[in-house]
Amino acid sequence: MPSSFHVHDHNVHLKWDNAIPPVLTVDSGSEVSFDLLDGGHNQFTPASTSADVPNFNLALGDPAMGPVYINGAEAGDVLKVEFLALQTAAYGWTAILPGSFGFGILADEFPEPALKIWDLESHAAEGYAVFKEGIHIPLRPFLGVVGLAHEAAGQFSTIPPYETGGNIDCKHITVGSTLYLPVKVKGALFSCGDGHAAQGDGEVCGTAIETPMKATVRLSVEKGKPWVKSPHYVTDPLHSQTVGGQRGEYAALGIDADMREATRKAVRGLVEWLVGEKSLTREEAYMLASVAGDLKLAEVVDMPHYAVACSLPLSVFVGEQYQ
Numbered sequence: 001m002p003s004s005f006h007v008h009d010h011n012v013h014l015k016w017d018n019a020i021p022p023v024l025t026v027d028s029g030s031e032v033s034f035d036l037l038d039g040g041h042n043q044f045t046p047a048s049t050s051a052d053v054p055n056f057n058l059a060l061g062d063p064a065m066g067p068v069y070i071n072g073a074e075a076g077d078v079l080k081v082e083f084l085a086l087q088t089a090a091y092g093w094t095a096i097l098p099g100s101f102g103f104g105i106l107a108d109e110f111p112e113p114a115l116k117i118w119d120l121e122s123h124a125a126e127g128y129a130v131f132k133e134g135i136h137i138p139l140r141p142f143l144g145v146v147g148l149a150h151e152a153a154g155q156f157s158t159i160p161p162y163e164t165g166g167n168i169d170c171k172h173i174t175v176g177s178t179l180y181l182p183v184k185v186k187g188a189l190f191s192c193g194d195g196h197a198a199q200g201d202g203e204v205c206g207t208a209i210e211t212p213m214k215a216t217v218r219l220s221v222e223k224g225k226p227w228v229k230s231p232h233y234v235t236d237p238l239h240s241q242t243v244g245g246q247r248g249e250y251a252a253l254g255i256d257a258d259m260r261e262a263t264r265k266a267v268r269g270l271v272e273w274l275v276g277e278k279s280l281t282r283e284e285a286y287m288l289a290s291v292a293g294d295l296k297l298a299e300v301v302d303m304p305h306y307a308v309a310c311s312l313p314l315s316v317f318v319g320e321q322y323q
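Sequential numbering of the sequence shown, starting at 1, is according to UniProt numbering.
Keep in mind that the hints are not guaranteed to be accurate.
To be verified - In silico SDA-like cross-links for lysine to any residue, where the CA-CA straight-line distance does not exceed 25 Å:
| no. | residue 1 | residue 2 |
| --- | --- | --- |
| 1 | Lys296 | Ile105 |
| 2 | Lys229 | Tyr286 |
| 3 | Lys229 | Lys278 |
| 4 | Lys296 | Arg260 |
| 5 | Lys225 | Pro313 |
| 6 | Lys132 | Ile20 |
| 7 | Lys116 | Thr45 |
| 8 | Lys225 | Ala292 |
| 9 | Lys225 | Glu261 |
| 10 | Lys132 | Gln87 |
| 11 | Lys278 | Ser315 |
| 12 | Lys214 | Ser4 |
| 13 | Lys225 | His150 |
| 14 | Lys116 | Leu58 |
| 15 | Lys229 | Glu74 |
| 16 | Lys214 | His136 |
| 17 | Lys296 | Glu284 |
| 18 | Lys223 | Glu320 |
| 19 | Lys229 | Ser290 |
| 20 | Lys186 | Asn18 |
| 21 | Lys214 | Glu74 |
Stated by the list, open to error - So the derived label-pair ranges between C-beta atoms look like this:
| no. | residue 1 | residue 2 | range |
| --- | --- | --- | --- |
| 22 | Leu295 | Gly134 | 24 to 34 Å |
| 23 | Phe317 | His6 | 34 to 44 Å |
| 24 | Ile105 | Lys15 | 19 to 29 Å |
| 25 | Ser290 | Ala257 | 21 to 31 Å |
| 26 | Ala257 | Asp294 | 20 to 30 Å |
| 27 | Met259 | Lys132 | 24 to 34 Å |
| 28 | Val316 | Lys15 | 34 to 44 Å |
| 29 | Ser290 | Asp27 | 17 to 27 Å |
Keep in mind the hints are simulated off the structure, nothing from the lab.
In this text, a Cβ means the ideal position worked out from N, Cα and C, and glycines have one as well.
Sequences are here, hints too, so could you generate the full structure?
Right, dumping it as structure tokens:
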């Protein structure tokens, strides 16, 4: 059985920096649990109101817990991250952060602060939270921040997504899903955080249902997958009931400051996976992506980068040679 390890929420960092010493060293295949602060560094509590929003300190936003050093991981490898358990706190929050915060795709049209505190406990067994009377939101917990250290020296903000992961805010990577991240430094240096109870694609107002979370993942090093140049993921069977047919979907995330270029990177990533994993020609892969693939705006508010997913339902592969 794989070893189990734990990272506490005081093992927190606010920048990606490959000089940060690891808080744990584990072997490939180990399960690691995390106590995670929410995406606002737990600045809001169940007693908070809209009056507290102007005091929000953005410099504490999107904290990451870690890093974890994985033995055997080298630059050019891929870190496989399997999501085994994600447990929200009893509460969550969603905020409109106006003015100088600049969060939200319509930030200029919503100048007043707003805060909603969610009860994530009363209807957890039924799988939803109440937005207001008559509106129920399905609970689909996931982590907004999941990433590895950068190759370049220095500090990088945890707020935007990167090709090494980070604040990708992709709602499709839930329990049962698998994320693949390109390793840039020895040991990979994995960190995560920013628990979400639910989110729409794009996270358009700048926040999801933000919540502290307990997470358990399995971290495994994989070799020989050069097509993983950005985050790639496979969704879980439960997710596949509504997306991707009965077998889920495979997707590549394109990360860039230009949305068109992010989209091009996402499509290119899916094409390269189809060539490398399914042995299609580039022309076949490009056409298959066009007739069966989907584009999703996973993240559009964490400037300066956009995250666009290009996904393909795995149900299209019916031949034994593609299993």
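Here is how each hint holds up against the structure:
1. Under the criterion of a C-alpha separation no larger than 25 Å, the hint pairing Lys296 with Ile105 is consistent with the structure, at around 16 Å.
2. Proximity of Lys229 to Tyr286 is assessed by CA-CA distance (about 18 Å); at most 25 Å being required, the pair is judged to hold.
3. With a C-alpha separation of about 17 Å, the suggested pair Lys229 and Lys278 falls inside the 25 Å cut-off, and the hint holds.
4. Between Lys296 and Arg260 the CA atoms are separated by roughly 12 Å; this keeps the pair inside 25 Å, and the hint holds.
5. Between Lys225 and Pro313 the CA atoms are separated by roughly 20 Å; this keeps the pair inside 25 Å, and the hint holds.
6. The suggested pairing of Lys132 with Ile20 is violated, with an alpha-carbon distance near 43 Å, which exceeds 25 Å.
7. For the hint linking Lys116 to Thr45, the alpha-carbon distance of about 11 Å falls within 25 Å, and the restraint holds.
8. For the hint linking Lys225 to Ala292, the alpha-carbon distance of about 23 Å falls within 25 Å, and the restraint holds.
9. Proposed proximity of Lys225 and Glu261 is supported: the alpha carbons are some 23 Å apart, at most 25 Å.
10. In summary, the hint linking Lys132 to Gln87 is supported, as the alpha carbons are separated by about 23 Å, within the 25 Å threshold.
11. Of the pairs offered as hints, the one joining Lys278 and Ser315 holds, with about 14 Å between alpha carbons and a cut-off of 25 Å not exceeded.
12. Under the criterion of a C-alpha separation no larger than 25 Å, the hint pairing Lys214 with Ser4 is consistent with the structure, at around 14 Å.
13. For the suggested pair Lys225 and His150, the alpha carbons sit about 18 Å apart, so the restraint of at most 25 Å is met.
14. Pair hint Lys116 plus Leu58 holds up; C-alpha atoms about 18 Å apart against a cutoff of 25 Å.
15. A hinted pair counts as satisfied when its Cα atoms are at most 25 Å apart, and Lys229 with Glu74 qualifies at roughly 14 Å.
16. Proximity of Lys214 to His136 is assessed by CA-CA distance (about 23 Å); at most 25 Å being required, the pair is judged to hold.
17. In summary, the hint linking Lys296 to Glu284 is supported, as the alpha carbons are separated by about 22 Å, within the 25 Å threshold.
18. A C-alpha spacing of about 24 Å is found between Lys223 and Glu320, which places the hinted pair at or below 25 Å, so the restraint holds.
19. Distance hint between Lys229 and Ser290 is fulfilled; the C-alpha atoms sit about 21 Å from each other, no more than 25 Å.
20. For the hint linking Lys186 to Asn18, the alpha-carbon distance of about 10 Å falls within 25 Å, and the restraint holds.
21. For a cut-off of 25 Å, the pair hint linking Lys214 to Glu74 is broken: about 28 Å separates their Cα positions.
22. For the hinted restraint 24 to 34 Å between Leu295 and Gly134, the CB-CB distance of approximately 32 Å keeps it satisfied.
23. At about 38 Å, the beta-carbon gap between Phe317 and His6 stays in the expected band of 34 to 44 Å.
24. Look at Ile105 against Lys15: about 25 Å separates their beta carbons, and that is inside 19 to 29 Å.
25. Look at Ser290 against Ala257: about 25 Å separates their beta carbons, and that is inside 21 to 31 Å.
26. At roughly 23 Å, the beta carbons of Ala257 and Asp294 sit within the given window of 20 to 30 Å.
27. Distance hint for Met259 and Lys132: a CB-CB separation of about 32 Å, consistent with the stated range 24 to 34 Å.
28. Our hint of 34 to 44 Å for Val316 and Lys15 holds, since their Cβ atoms are close to 41 Å apart.
29. Range check, Ser290 to Asp27: about 42 Å between beta-carbon atoms, so the 17 to 27 Å window is missed.
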